[in-house]
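> Keeping the supplied structure of chain A fixed, place chain B upon it in accordance with the hints.
If you read the sequences in order, they're chains A and B. Those letters in the first sequence? Residues 2 to 398, by the working numbering. Those letters in the second sequence? Residues 2 to 398, by the working numbering.
Just to be clear, a hint being listed does not mean it is correct.
[Said to hold, decoys possible] Simulated restraints, written as ranges between beta carbons of each label pair:
no., chain 1, residue 1, chain 2, residue 2, range
1, B, Glu364, A, Glu325, 34 to 42 Å
2, A, Val327, B, Asp287, 12 to 20 Å
3, B, Ala86, A, Leu356, 20 to 28 Å
4, A, Gly24, B, Gly362, 37 to 45 Å
5, A, Asp285, B, Pro329, 28 to 36 Å
6, B, Arg366, A, Val327, 31 to 39 Å
7, A, Arg363, B, Ala97, 15 to 23 Å
8, A, Ala347, B, Gln59, 27 to 35 Å
9, B, Val243, A, Val327, 43 to 51 Å
10, B, Gly341, A, His372, 49 to 57 Å
11, B, Gln343, A, Leu333, 34 to 42 Å
12, B, Gly341, A, Pro106, 39 to 47 Å
13, A, Leu356, B, Ser284, 46 to 54 Å
Calculated directly from the structure, the hints in this document are not laboratory data. The beta carbon of each residue, even a glycine, is placed where N, CA and C say it ideally should be.
2 protein chains.
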Amino acid sequence: MTGITTPQGFRAAGVAAGLKSTGARDVALVVNDGPLRTAAAVLTSNRVQAAPVLWTRQAVSDGAARAVVLNSGGANACTGPEGFADTHRTAEHVAATLSASAATPEDEVGAADVLVCSTGLIGVRLPMDALLAGVDAAAGALSPDGGDAAAHAIMTTDTVAKQAEQVRDGWAVGGMAKGAGMLAPGLATMLSVVTTDAVVDAATADAALRAATRTTFDRVDSDGCMSTNDTVILLASGASGVTPTAEELTEAVTAVCADLARRLVADAEGASHDIAVTVTHASDEDAAVAVARAVTRSNLFKAAIFGNDPNWGRVVAAAGTVPEDVAPFDPLAIDVTINGVQVCRAGGVGEPRELVDLAAGREVRVEIDLHAGDATATVWTNDLTHDYVHENSAYSS
Amino acid sequence: MTGITTPQGFRAAGVAAGLKSTGARDVALVVNDGPLRTAAAVLTSNRVQAAPVLWTRQAVSDGAARAVVLNSGGANACTGPEGFADTHRTAEHVAATLSASAATPEDEVGAADVLVCSTGLIGVRLPMDALLAGVDAAAGALSPDGGDAAAHAIMTTDTVAKQAEQVRDGWAVGGMAKGAGMLAPGLATMLSVVTTDAVVDAATADAALRAATRTTFDRVDSDGCMSTNDTVILLASGASGVTPTAEELTEAVTAVCADLARRLVADAEGASHDIAVTVTHASDEDAAVAVARAVTRSNLFKAAIFGNDPNWGRVVAAAGTVPEDVAPFDPLAIDVTINGVQVCRAGGVGEPRELVDLAAGREVRVEIDLHAGDATATVWTNDLTHDYVHENSAYSS
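Isolated chain A, as found in the complex:
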């Protein structure tokens, strides 16, 4: 799979700069060779924002970017003005390096054209000498086939690189992600870069990315912990010459984000089950999401699934914590179905819980029918396991 370099007009690289003690790749560079330089970003809503998030928010505000530099091995969060200066210096270094090989004055890159993402331990300065040397190496390694190397360079506790692609009629969308995120929080962050060679203006790109993340990355919630560094970036080169409709673009970007989000769940730290909690017949979509999220955030429910225990009482109890003005429903009306067995009917005992098989596979499907409307939503999570506790206690991140 070639991920972010599937669409035309992009080069990428991933190199080992020594930020990770393992010697694995830890600096990635993605360059949009145009002709368009359209960019959009969705950034963490955490009020504590890492330096690269503050930088990227500003740099992408004009709807354009030439490159994205990403590092693992350090989040550059809670590092004060010095940390922000480090991010600024990284962007300037990328700009200078890319400008050195510019064929024409228009190809020269400014620091404000460079978006920055970091992931790793909070509260520690980045080793700037190693990082800047890594930028030089990555710039030298840029390739139209570099998507896979870049996807590997942003891995932290990920066991596999995550890439996705969607090919349409004459244009394509590609993506990479690491996670982390609200998901597998060993390194506390979800990062994703999505590329397309469609002809897209900034407003359309922004709207498509927000619509896509709302129903994909935002519906993956392993432990309710929101990172200081979460970043999803969309770059459009226009190199295909094809202009899809806004709906077509949104559909393809959403498909790539959904694919990446599902891969994050499948690789979540320490998890032994992927759990899809679907709420049906809710009064509206927000209500469905609120109930699903309450269940996916219940440690009791998640621990029960780890124990292959279809403990529907914990599902119902979690649903009952959602305020009525957020999700109107009658607690005595709801049904709960786990892997096809309706273990709770009308708020009471349904089929025998012994009929539910949770040991057979990794995927668990929980459906909660609120009997309160027509809206549906699914939120993905993982079970709460010994390995989750181990990885997040033994490993400072």
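Structure of chain B alone, referenced to chain A:
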């Protein structure tokens, strides 16, 4: 310690009725012999409410009660109309049993004078024959020294009975609790009965109990899971003949509830640390509680403490998830102190984290200074451990 039978005017008992497979005590009875029959209750705010919660809410609405019957070994939640009928039948049986020994017609007890509490697995009917036989046995064993036996009969995964008492000038307050609760949710419920021999009317009792629980039981939050059965009851006999002021009553009831709440934390399932998260200089008390609760609900933070890792980045990241309209503060101003070491200063790196000793004792103190006002609040939680996952996955509850 004599707990709920420390104040005059109360008898209690705890017997083994066979609801627990272990043969341990599982039915408790508390009788208020008056002369007053004042009662108040604070019940779970979960919208999914067990049959005994629905019953008790109604029975206590007149501000009076003669007795409380409590059982472990079954929550009687999500059991439909049949479950409610079981609770009703239990209350009627207690009323009839107590009325049989009534000396005068005024001593006769109606079902509506009996409050009911249950704790155990959700979605399973209670074994009524065993329970009603247990009520008979408990009624026969009622004693002015029975507080300790009752406190043992409500234990579930508790390793010790929890009791507390406060003696004032001529009057006293006593209490027992089991937890569970939002705390150690093996059996999904926190139950507490608090007694006093002070002369108290219903409105004063209700106000005192609400004020006490707001700053004690409501500030203990091991895993954010709210039970379908949580119940705290205050009974006043007036037997001392002393009428404290409302402030004096509230102070003593709060002291008992705080003592019990601290005991719940100390005995939380699978925990190896008790963690007090104190937020100082918040704009108001609600803001302080919201920030403290966000931290106590962070699995990442709780797992780090289990690993003796003073990971202040996870504290700051959790604080940053609280919306600004709930808790206004500047993320670049906050300080975090863990066990006396200010590891985060002004949102950035403070003293070296290596100076923090988390291995020495069970108690951990985290202080978050928001520099945004004058309000303070503390929320208690526990660490997230292998044993928590084990107890809540291997044990259906």
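> Would you mind marking each hint as holding or not holding in the structure?
Hint check:
1. B/Glu364 <-> A/Glu325: 34 to 42 Å: Given about 38 Å between the Cβ atoms, the range holds.
2. A/Val327 <-> B/Asp287: 12 to 20 Å: Since A/Val327 and B/Asp287 have Cβ atoms about 18 Å apart, the given range 12 to 20 Å holds.
3. B/Ala86 <-> A/Leu356: 20 to 28 Å: holds, 27 Å
4. A/Gly24 <-> B/Gly362: 37 to 45 Å: Distance hint for A/Gly24, B/Gly362 holds at roughly 39 Å.
5. A/Asp285 <-> B/Pro329: 28 to 36 Å: The hint (28 to 36 Å, Cβ to Cβ) holds, given that A/Asp285 and B/Pro329 are roughly 30 Å apart.
6. B/Arg366 <-> A/Val327: 31 to 39 Å: holds, 34 Å
7. A/Arg363 <-> B/Ala97: 15 to 23 Å: violated, 54 Å
8. A/Ala347 <-> B/Gln59: 27 to 35 Å: With a Cβ separation near 22 Å, A/Ala347 and B/Gln59 fall outside 27 to 35 Å, so the hint is violated.
9. B/Val243 <-> A/Val327: 43 to 51 Å: Because 46 Å falls inside the window, the suggested range holds.
10. B/Gly341 <-> A/His372: 49 to 57 Å: holds, 53 Å
11. B/Gln343 <-> A/Leu333: 34 to 42 Å: violated, 51 Å
12. B/Gly341 <-> A/Pro106: 39 to 47 Å: violated, 59 Å
13. A/Leu356 <-> B/Ser284: 46 to 54 Å: holds, 52 Å
Comparing the model with each earlier hint shows violations of hints 7, 8, 11 and 12; every other hint is respected.
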